[in-house]
Amino acid sequence: MVFDLAFIWAGLIAFAVLTYVVLDGFDLGIGILFPFGKSEADRDLMMNSVAPVWDGNETWLVLGGGGLFAVFPLAYAIVMPALYMPITLMLLALVFRGVSFEYRWRAEKKGLWDVAFFGGSFFAALCQGIALGALVQGIEIEGRAYAGGWFDWLTPFSVLTGFAVVVGYALLGATWLILKTTGDLQVQMRGYAWWLGAATLGTIGIVSIFTPFQDPIYFERWFNLPGSLWSMIVPVLMIALTWTFFTGLNDQSDLRPFLSALGFFVVSFVGIGISFYPMMVPPSLTIWEAAAPDSSLAFALVGAVILIPIILAYTAYAYWVFRGKMDPSEGYH
Amino acid sequence: MLDGFSAEILARFQFAFTVSFHIIFPSFSIGLASYLAVLNGLWMRTRDETYLTLFNYWKKIFAVAFGMGVVSGIVMSYQFGTNWSVFSDKAGPVVGPLMAYEVLSAFFLEAGFLGIMLFGRERVGEKLHMFATAMVAFGTLMSATWILSVNSWMQTPAGYSVNEVGQFVPEDWWQIVFNPSFPYRLAHMVLAAFLTTALVVGAVGALHLLRDKADKEARRMFSMAMWMAVIVTPIQIFAGHEHGLNTLEHQPVKIMAMEGHYESHPEGWAPLYLFGIPNDEEQRLDYAIGIPGLGNLIFEKPLDYPVMGLDTIPDDEQPPVGIVFWSFRVMVGLGMLMLGLGLWSAWARWRGRLYDAPWLHRACIAMGPSGFVAVLAGWITTEVGRQPYTVYGLLRTSDSLAPVDAPAVAASLIAFIVVYFAVFGAGTFYLLRMMNKRAATPKLGLRDGPIRTAGITPAAQVDQDFIPGA
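Protein chains in written order, with our numbering: chain A, 65 to 397; chain B, 121 to 590.
No lab work stands behind these hints, which were simulated from the structure alone. Cβ coordinates follow ideal geometry from the N, Cα and C atoms, glycine included. Be a bit skeptical, because a hint or two may be false.
[Stated by the list, open to error] Selected chain A positions facing chain B (Cβ under 10 Å, derived; list incomplete):
id : residue
1  : V126
2  : L127
3  : F133
4  : A134
5  : M154
6  : L158
7  : R161
8  : F227
9  : W258
10 : A262
11 : G266
12 : I268
Given only the sequences and the hints, what does the whole structure look like? Please build it.
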């Protein structure tokens, strides 16, 4: 392991993507669960629970993309054309999801934007999962460009990862609502969380079984003893989180299911990292091959080191301001 | 449907389409964020409820416009990769970090404090709320700064070298960020955003003054907007002129296209063409009407200074002249109308009839969208004018393209067109409907109160017409 600028930046990009996944994950999850809201008042509460923070959450996606452009321009230049369709569909879905927050309050027929909020959230999640699956499968490169076709991303495996992410986001959304609401809505979400938790763990399991067969290197990472012993920390942590998740639901805990669900994502992400390293774009582009020149990495790192802690501080402050249970009587701005 | 078009032309059209839609929203939200900060500051200082009412009114409008800007902006940050991957690989090491700084120093700031600005006045107290409002405004300006640095570097590259795989490698970040056209472009764009917002606010104020000249919020916003129009327009015209001189120095071919100068004038006395039909085939300006010599004077050159034309430039290094020539004239023409509007309002104010000048108010409503048109025309001038390059003089547009097949680009282009017209069309409709209501309307959301038919002013408000002092 070489601890240099490119490695630090790979860590920072991974951090941005993970932060995006867990934060916008519960926003999108609420969108996915939106049709199950039993009344207009419940749906208002569901959406309002993230209205002050969703925009900041989504900005991590821009940092993931913009950061990749800045510090791994070759990876960005190869991955984006390879995932042309799912990325474009994701962007369009996010358009519908994003505008629904405000439009819903300005339209005569809110139903239209309820559907847009659900559809946008669902397809954004699906496309993100498909993109992940396509990346795990590996991307064909020739010279400095993508060399495959424009439907290479579509395989049973990528569809599977797509649905895994939809289910996982819905779980994050349900557990977030357990944290933020009371009464019937909370009871309803607690009920959903059982099934969603089981489904999330099940799909993670299935994806994990198939992943090592996508690339011999992955297989070696996970099944080549004794080197792969370190990798075993991932399933062990997953089992521990499963326990905290279900006992948390059982104990009527508001916070534990949410934190455990976040943990599922963090641990899965670490698992993907173990498979990928040292590749930026499997199967053949490494972090160091993809990295921009050091002068770019160093310049951008100065900003990241100063600004990311500040961003985390005021983001935490914004969450703190809007902490606690939702007040149903508080209207929109 | 789009058969027969090359992947390049489709990708260019898609970028032009998505970026044109996108720029509309920041042009408005940059100015409006600053206006909101001013309104909130004035409310805290004077405790005049009119300012608070105006703040709450424009805040709701800002939220909708800002949301549209965010979602259309995310598309841009990925489109460099999906459609212009060779450009991304080559120019990424230089422009990428600037965009990363934009995300880190601007987008997070806006998004992080937007929630507090919109929802948090009661929760955090007035002072922190003011701070959040100021941070949103500051964030929009930071965003403009970085992205204009990126665009300016692509127009006037500096501070780089080229490595063995053809990537632009940063050598001097100071020169990259403060490249030769950046200060001019930044000033021109930020002033344009302020002016665009002032024209919208002025039009909304004018609309409500026409209905009720005693509407005190309408009077206040109209007055503020007209001060902006009369003060900022001359500054903007000066900034635009300086920007033009800078372009003449660094991108003379663009100026030739803007001016319709196909032919050289080695003896000087170049005409300033007011009208003409550019004919790229024949390389001449048909039906030209020009004023001899003014083409020299406008660029602060002596009358006998030689002025070179497109006849000195190979055909494959020329931009499409017609688009550049006409979009430039649209922008300048609208600028002159804005100047006229500002002077008219100053005259009405001096006569004490600012709130009682129906024709001025009607003119303001007509000019309400003119800022957006001028911004688009200006961007078309500068972006089409730098063709056929993405990085000026160094990387051709045709060499910047991603290896994506034409059918895929055609499909995404159609999807963007359909979705953008539907979604942003609806958003524009909602914005106009909110603007159609008085600032003092307690709730602008239709679901927040009884539904009223849009466009009908409640009788009680019409009765206020005879309030003394109106």
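Hint by hint, here is what the structure shows:
A cut of 10 Å between beta carbons decides the hint on V126/A: the least distance to chain B is about 5 Å, and the hint holds. Against a cut-off of 10 Å between C-beta atoms, the interface hint on L127/A holds, since the closest Cβ of chain B lies about 5 Å away. Taking 10 Å as the C-beta cut-off, the interface hint given for F133/A holds, the closest approach to chain B being about 4 Å. Interface hint status for A134/A: upheld, as the beta-carbon distance to the closest one in chain B is roughly 3 Å, under 10 Å.
Of the supplied interface hints, the one on M154/A holds, with its beta-carbon coming within about 9 Å of a beta-carbon of chain B, less than 10 Å. With 10 Å as the threshold, the beta carbon of L158/A comes within range of chain B, its nearest partner Cβ sitting at about 6 Å, so the hint holds. The beta carbon of R161/A is positioned within 10 Å of a beta carbon in chain B (closest approach about 8 Å), and the interface hint is therefore held. Hint status for F227/A: violated, given a least beta-carbon distance of 23 Å to chain B, over 10 Å.
Restraint check, W258/A versus chain B: the minimum CB separation of about 31 Å is more than 10 Å; hint violated. Violation of the interface hint for A262/A is found here, the shortest Cβ-Cβ separation to chain B being roughly 33 Å, above the 10 Å cut-off. Among the interface hints, the one on G266/A is violated; its C-beta lies about 31 Å from the nearest C-beta in chain B, farther than the 10 Å criterion. Using the Cβ-Cβ criterion of 10 Å, the hint placing I268/A at the interface with chain B is not satisfied: the shortest such distance is roughly 27 Å.
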